[in-house]
Amino acid sequence: MKKFINKTDDFLRESLEGFGKAHSDIIKVNFDPNFVSRKNKTKEGKVSLISGGGSGHEPMHGGFVGHGMLDVACPGFVFSAPSPDQMLAAAEHVDSGAGILFIVKNYSGDIMNFQMGAEMYSQKSDSIVTNDDVAVEDSTFTTGRRGVAATVLVEKIVGSLAEDSGSLEDCKKIGEKVNKNAGTMGVAFTSCTTPEAGKPTFDIGPDEMEFGVGIHGEPGRKREKIQSSKKIVGNILDAILDDLKPENNEKMLLFVNGMGGTPLTELYLVYDDACKILQSKGVEITRSLVGNYCTSLEMQGASITLLKCDEEILKNWDAPVHTAAMRWGM
Amino acid sequence: MKKFINKTDDFLRESLEGFGKAHSDIIKVNFDPNFVSRKNKTKEGKVSLISGGGSGHEPMHGGFVGHGMLDVACPGFVFSAPSPDQMLAAAEHVDSGAGILFIVKNYSGDIMNFQMGAEMYSQKSDSIVTNDDVAVEDSTFTTGRRGVAATVLVEKIVGSLAEDSGSLEDCKKIGEKVNKNAGTMGVAFTSCTTPEAGKPTFDIGPDEMEFGVGIHGEPGRKREKIQSSKKIVGNILDAILDDLKPENNEKMLLFVNGMGGTPLTELYLVYDDACKILQSKGVEITRSLVGNYCTSLEMQGASITLLKCDEEILKNWDAPVHTAAMRWGM
Amino acid sequence: MSVNFLISQAKNIQKVIDENAPEIEALDQNIGDGDHVFNVQRGLKLVVELENTIKDLPMDKALNMIAMKVLSGIGGSSGALFGTFFMSMAKTTDLNKNINFNKACEMIINGIQAMKERGKAGVGEKTMMDVLIPVSDKLKDIKNKNEIEQELNDVIKIAKDRMLATKDMLCTKGRASFLGERAKGHIDPGARSSQLIIETICKSVINQ
Amino acid sequence: MSVNFLISQAKNIQKVIDENAPEIEALDQNIGDGDHVFNVQRGLKLVVELENTIKDLPMDKALNMIAMKVLSGIGGSSGALFGTFFMSMAKTTDLNKNINFNKACEMIINGIQAMKERGKAGVGEKTMMDVLIPVSDKLKDIKNKNEIEQELNDVIKIAKDRMLATKDMLCTKGRASFLGERAKGHIDPGARSSQLIIETICKSVINQ
Ligand SMILES: Nc1ncnc2c1ncn2[C@@H]1O[C@H](COP(=O)(O)OP(=O)(O)O)[C@@H](O)[C@H]1O
Ligand SMILES: Nc1ncnc2c1ncn2[C@@H]1O[C@H](COP(=O)(O)OP(=O)(O)O)[C@@H](O)[C@H]1O
Ligand SMILES: [Mg+2]
Ligand SMILES: [Mg+2]
Ligand SMILES: [Mg+2]
Ligand SMILES: [Mg+2]
Numbered sequence: 010m011k012k013f014i015n016k017t018d019d020f021l022r023e024s025l026e027g028f029g030k031a032h033s034d035i036i037k038v039n040f041d042p043n044f045v046s047r048k049n050k051t052k053e054g055k056v057s058l059i060s061g062g063g064s065g066h067e068p069m070h071g072g073f074v075g076h077g078m079l080d081v082a083c084p085g086f087v088f089s090a091p092s093p094d095q096m097l098a099a100a101e102h103v104d105s106g107a108g109i110l111f112i113v114k115n116y117s118g119d120i121m122n123f124q125m126g127a128e129m130y131s132q133k134s135d136s137i138v139t140n141d142d143v144a145v146e147d148s149t150f151t152t153g154r155r156g157v158a159a160t161v162l163v164e165k166i167v168g169s170l171a172e173d174s175g176s177l178e179d180c181k182k183i184g185e186k187v188n189k190n191a192g193t194m195g196v197a198f199t200s201c202t203t204p205e206a207g208k209p210t211f212d213i214g215p216d217e218m219e220f221g222v223g224i225h226g227e228p229g230r231k232r233e234k235i236q237s238s239k240k241i242v243g244n245i246l247d248a249i250l251d252d253l254k255p256e257n258n259e260k261m262l263l264f265v266n267g268m269g270g271t272p273l274t275e276l277y278l279v280y281d282d283a284c285k286i287l288q289s290k291g292v293e294i295t296r297s298l299v300g301n302y303c304t305s306l307e308m309q310g311a312s313i314t315l316l317k318c319d320e321e322i323l324k325n326w327d328a329p330v331h332t333a334a335m336r337w338g339m
Numbered sequence: 010m011k012k013f014i015n016k017t018d019d020f021l022r023e024s025l026e027g028f029g030k031a032h033s034d035i036i037k038v039n040f041d042p043n044f045v046s047r048k049n050k051t052k053e054g055k056v057s058l059i060s061g062g063g064s065g066h067e068p069m070h071g072g073f074v075g076h077g078m079l080d081v082a083c084p085g086f087v088f089s090a091p092s093p094d095q096m097l098a099a100a101e102h103v104d105s106g107a108g109i110l111f112i113v114k115n116y117s118g119d120i121m122n123f124q125m126g127a128e129m130y131s132q133k134s135d136s137i138v139t140n141d142d143v144a145v146e147d148s149t150f151t152t153g154r155r156g157v158a159a160t161v162l163v164e165k166i167v168g169s170l171a172e173d174s175g176s177l178e179d180c181k182k183i184g185e186k187v188n189k190n191a192g193t194m195g196v197a198f199t200s201c202t203t204p205e206a207g208k209p210t211f212d213i214g215p216d217e218m219e220f221g222v223g224i225h226g227e228p229g230r231k232r233e234k235i236q237s238s239k240k241i242v243g244n245i246l247d248a249i250l251d252d253l254k255p256e257n258n259e260k261m262l263l264f265v266n267g268m269g270g271t272p273l274t275e276l277y278l279v280y281d282d283a284c285k286i287l288q289s290k291g292v293e294i295t296r297s298l299v300g301n302y303c304t305s306l307e308m309q310g311a312s313i314t315l316l317k318c319d320e321e322i323l324k325n326w327d328a329p330v331h332t333a334a335m336r337w338g339m
Numbered sequence: 006m007s008v009n010f011l012i013s014q015a016k017n018i019q020k021v022i023d024e025n026a027p028e029i030e031a032l033d034q035n036i037g038d039g040d041h042v043f044n045v046q047r048g049l050k051l052v053v054e055l056e057n058t059i060k061d062l063p064m065d066k067a068l069n070m071i072a073m074k075v076l077s078g079i080g081g082s083s084g085a086l087f088g089t090f091f092m093s094m095a096k097t098t099d100l101n102k103n104i105n106f107n108k109a110c111e112m113i114i115n116g117i118q119a120m121k122e123r124g125k126a127g128v129g130e131k132t133m134m135d136v137l138i139p140v141s142d143k144l145k146d147i148k149n150k151n152e153i154e155q156e157l158n159d160v161i162k163i164a165k166d167r168m169l170a171t172k173d174m175l176c177t178k179g180r181a182s183f184l185g186e187r188a189k190g191h192i193d194p195g196a197r198s199s200q201l202i203i204e205t206i207c208k209s210v211i212n213q
Numbered sequence: 006m007s008v009n010f011l012i013s014q015a016k017n018i019q020k021v022i023d024e025n026a027p028e029i030e031a032l033d034q035n036i037g038d039g040d041h042v043f044n045v046q047r048g049l050k051l052v053v054e055l056e057n058t059i060k061d062l063p064m065d066k067a068l069n070m071i072a073m074k075v076l077s078g079i080g081g082s083s084g085a086l087f088g089t090f091f092m093s094m095a096k097t098t099d100l101n102k103n104i105n106f107n108k109a110c111e112m113i114i115n116g117i118q119a120m121k122e123r124g125k126a127g128v129g130e131k132t133m134m135d136v137l138i139p140v141s142d143k144l145k146d147i148k149n150k151n152e153i154e155q156e157l158n159d160v161i162k163i164a165k166d167r168m169l170a171t172k173d174m175l176c177t178k179g180r181a182s183f184l185g186e187r188a189k190g191h192i193d194p195g196a197r198s199s200q201l202i203i204e205t206i207c208k209s210v211i212n213q
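Residue numbers (my numbering), protein chains in the order written: chain C, 10 to 339; chain W, 10 to 339; chain D, 6 to 213; chain E, 6 to 213.
These are computed hints drawn from the structure, not numbers from a lab. Owing to the predicted nature of the structure, the values given are computational and were not obtained by experimental measurement. Cβ atoms here follow ideal geometry from the backbone N, Cα and C, with glycine treated the same way. One or more hints might be untrue.
[Unchecked claim] Below, in silico cross-link-like pairs of lysine-lysine (DSSO-like), each with a Cα-Cα straight-line distance of 30 Å or less:
1) C/48 to D/74
2) C/186 to W/208
3) C/285 to W/290
4) W/133 to E/96
5) E/96 to W/16
6) W/189 to C/239
7) D/60 to D/125
8) W/285 to C/11
9) C/285 to W/11
10) C/16 to D/20
11) D/60 to C/234
12) W/290 to C/11
13) W/11 to C/240
14) E/189 to E/148
15) D/189 to C/231
[What the hints assert, rightly or not] Between beta-carbon pairs, the in silico distance windows are:
16) W/231 to E/26: 27 to 37 Å
17) D/25 to W/237: 42 to 52 Å
18) E/57 to C/216: 45 to 55 Å
19) C/48 to W/236: 26 to 36 Å
[Stated by the list, open to error] Here are some, though not all, of the chain W residues that point toward chain C, as calculated from beta-carbon distances under 10 Å:
20) 14
21) 30
22) 68
23) 72
24) 153
25) 237
26) 240
27) 285
28) 299
29) 309
30) 311
31) 324
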C-alpha cells in the first residue's frame, strides 16, 4: 500500500485535523465523537442539515459544510457508516429550533446508524434517503438502490433552501424531488485500497472495467472489457435515461464525477462525450459540474449524474455557497 | 492503458472541448491554434497575463483563466510545451494596450517556444520564468531549476495585481518576488501514463517512491523506500526551508498539491504533518491551499510549496478570483 | 453468567476472529466493501479494553457500557446491529439476580430480536440474521432442557449449516443486495462472523 | 537539392524513426519525459502530409511552410529547435537557383547555427547539439571537396560517435539537466534522433 499515512489507526483523525486547520475560516472539526461543523453557529430558526457516511469519499461530506450547504458532516471510518453518537452530538451541536434534516445515502449501515441517532435525539428531525444509483435494480423487497453522487446535488439544493428559511417540510420535499429527479451510474478502471486492508478491494484485469461500480468499490452490473469513452458514456447515459425518462428538450444538470484517481482532462473528455450524446437525444444541458466530489479513495473511474431541473431546483442550485469544496457567489 | 479516451490523436481536443462547454460562463476555448481565453474581452489598459505549458497538469493552466488570474492559457500536447503560434494568437487575441506578461515554467522547451512567440509578437511584452523546484540544484551554467506548483501562486498573485491596474513592470516585479519567495518539492508513489505512450513513464517498485520527482514524471533527487508521511513531509520541508531560509516567525503560505491520483484525505493528512513540523520550526502558516492544482496526469504523490508572504502578497492572494479551478470572493 | 464471563468470551472470540480474518475480509470484498472484519475486530478490541472499567459493575450497567462502545466504536452495519444486540440484552428484566443458563438464553434471544427489528432482515435474506434467527429459535427451544451439551452442539451445527446456506442465496438486505444474481455463490461475511462467534461461545460453555 | 528531395528524405527519416521508436522513447523516459519520439513522429507526419501543398513551390517558400508546420505542430524542445532549423534554412541566400551540394551544406550549416543560438547549447551539454554542431563543422570542411562519398561516411561516423559520447556526459541544457549525476549513463534522446536523421540523409545521398 502506498499512501501518505503514519499509523492506520491515526489515518482518519490526522486527516480530519489537517482538514480543520486548512479550512479554519469556515469549519471546525470536533473529535470524540467526530463531526465537522460550521465555524459560526447556525442562525436561530434555520433548519439544520446533517449528513455523513463512511470516510473515503472526500470532499463528500466534510467539504460541503458551510454557508448554503450542510451544517454538519459526520465522517465514519473509511467505508464504514458513522455511529449514532456522532449524529446525536452533531444534532445537539447545531440545534437551532427549526428542526434537523438528516441526509442519508441508502445503505443498511447508514440507515440503521442514522435512525438510531435520530431516535436518541429528542427534538424535531426528519430524513432524506438518497438512492440515485441506477446500476442497481430498484425494489421494495430489497434494500433498493445505492445513494451515490446525486447526494452532492441534494445537499447543495436543500442547503440553499434551508439557508433561505425553508421549513423542515419544504427542505425534505425539495430534497426528495432532487433525489427522484436524479440518476447516476459509475464505472471503475482500478480498485481502491482502504488503509485498513492495505491491499486493493477487488482485482481487475489490465483491460477490464467494472460497469456500475459502487462507491465502496462494490461490484456493479458487470465486469467488461474496457471500451472507448464514447461507448462507456453512451452505455451509462442509456441506463440513466431509461430510468429518468425525460421529456423531449428536458432541461438537465450534467454532473461528471471523478472517483478520485482519474485526471481532470479525462473527466472533461467524458463531459464532452456526454454533451454530444445528450444533444443527439434532445436533452438540454442547463447546468454542469465536473470534478472529484464523491470519490472512492484513489479509484480510477467516473460516474455521470443527470438531474432534471425545474425553476425551483435551478434557483437553489445557483444560490451562493461557501464550503471547502464548492464555492460560488460569495 | 486505462483511460477515458476515444482516439489518442483526439484526446487533447476533446478534453478541451468538454472544458469549454462545462465552463462557458467564464472561458472560451479556441482551436488551431489552441488557447483558452476569458469569455469576456480583457478590459482596455489591463496588463494581459498569458501562461501555458504541456497538457497533463490540469487544472493548470486553463483552469486558472478568468477574473483575477490569467487572461489566456496555451495548452501544448500532453507534456510538450505549446508552440509559438499559440502564444502569438493568444497575445493578439487579448491585446489591450497595456502589454503582455508571459508566465513560463523553466523548461528549455517552454522557454524556447515562448521566446519565439514573443519575438513574433509586435507589441510590448515581457515574461516571468518560474523555477521553484528545490529538488534540483540551481546553477547559472545549466538550465537551472524546474518551474512547478508555485506557478499557481504566481498566476494568482500577479493576476490580482493586473486586475487591479498594475503596470507591466509592477506585475513582473511581484511575480518575480513570489517566485523567489517560493520553494516546492514533490514525491511520487506511482508513475503517470501519457495517452501517446500508453504505458507508464517510469517503473517503480511497490514499496518505492521517487523523491523530488518532476511534474512530467522526470526522475528526482533519489529513489527511496516509501516512508511514513511524517518522514516524507519532514524531508521535503527540510529541503524547502534550506532553500528559503525564512526568518523566525516568518509568515508563510502552505500549499499541499496533489499530483492527480492521491485522494484528498491523504493531502489533508500531509497538510497536518506539515503544520506540526512547521510550527515546531517557528514558521507561522498564514494562508493555505490544499488540492490538485498542478498535476501529472494520474500520478500518485504530492508536492509541498512554501511561500514567504508580505503584505503585498497577502493582499493579492486574498483578492477575488473567478476561474474554473480557483474561486473566491465572487 | 457474569460480567467476567462476557469479557472472557470477548477475548476468546477475538482470537477466533483474528485467526479467520483473511477469510472474512475476502468474503466482504467479494460481495461487500471489505471492511466487515475490521469493524468486528475494532469492536472486540474496544470491548476487551473495557475490562477494568466494567468488571465490577452490575450486569445491566456493564452491558450498556459495552453497547455504547460497540455502537460508537464500530460503525457500519455491524456497529448498529451488534450495538443493538447489547442494548437490548441490557434491557432484559431481573439482571441483578444470579444469571443462570435460561436467563442467559433469554438475554440472547432478546438481543437477536432487537437486531431483527433494527435491520428488518428475516431468514433467507443472506445476512447474519440467517445464522442468528435460527440460533435464537433453538435457544427458545432448549431453555428448559437438561442435556445442555448435546443441545449446544446442535446450536453449533445449526449456525454452521445456516452460514453455509447463505452461499446460494440471493441477497435482499445490506450492501450485497445491490448485486442481484452476482451475490450468489458467496457466503455472507456477517453470517460467517456470527457463526464463528456462536460456535466459540457454545464450545466454551460446553468445556466449562 | 529540390523540394521533392526534402519530401523523400522526410519519408525515409519517418521510416527509420518509426523503426527505432521504442529505443528513442525509452531514452527520453530515462532522463526526460518520454515524449521526444512522439514529438518527432508528429512533426515528420505533418511534413510528409505537406507533399501536395509544397511540391511545386520554390525552395524558400516550401521551407517556410515546413518550418511553420514543424513549429506549430510539434511543441516541446524539439518543435522549437527543428522549427528554427527550417526557418533558418529558408533564409539562406540564392535559393531560387539550382541548389548544388555546396549550397545544401550551407543551408544545413545555417540551420544548425540558428538552433545553437535558440537553445544556447554548445558541444558537451548532452543535447542534440552534440551531434549537430560537429556535423555542421564537418560540412563546412567538405563543402568544396570532391570525394563526397568518403566525406559523408565520415559525417555518419562523427554523428554516431558524438551521439554515443552523450552517454557519459552530465547534462546542462534541457530537461535532463535537472538530473545532475543521474543523467550519466544514458544517451540523450535528441542526440539519438538527430544522429538517425543525419545518417539517413547521408546514406541516401551516397546511394543516389
Ligand atoms: N439490514 C440488515 N440486517 C441484518 N444484517 C445486515 C443488514 N445489513 C447488513 N447486514 C450484515 O452486515 C454485514 C456487513 O457488515 P459490515 O461490513 O460491517 O457493514 P457494511 O455493509 O456497512 O460495510 C453483512 O454481511 C450482513 O450480514
Ligand atoms: N536548450 C537546448 N538546446 C538544444 N537541444 C535541446 C535543448 N533542450 C533540449 N534539447 C534536446 O531536446 C531533446 C528533448 O526533446 P523533447 O522530448 O521533444 O522536448 P522536452 O524536453 O520539452 O520534452 C533532448 O534530448 C535534447 O537533445
Ligand atoms: Mg462498510
Ligand atoms: Mg516534453
Ligand atoms: Mg462491509
Ligand atoms: Mg521530452
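Honestly, which of those hints from before does the structure not fit? Violated hints: 2, 3, 5, 6, 7, 11, 14, 17, 18, 24 and 31; rest satisfied.
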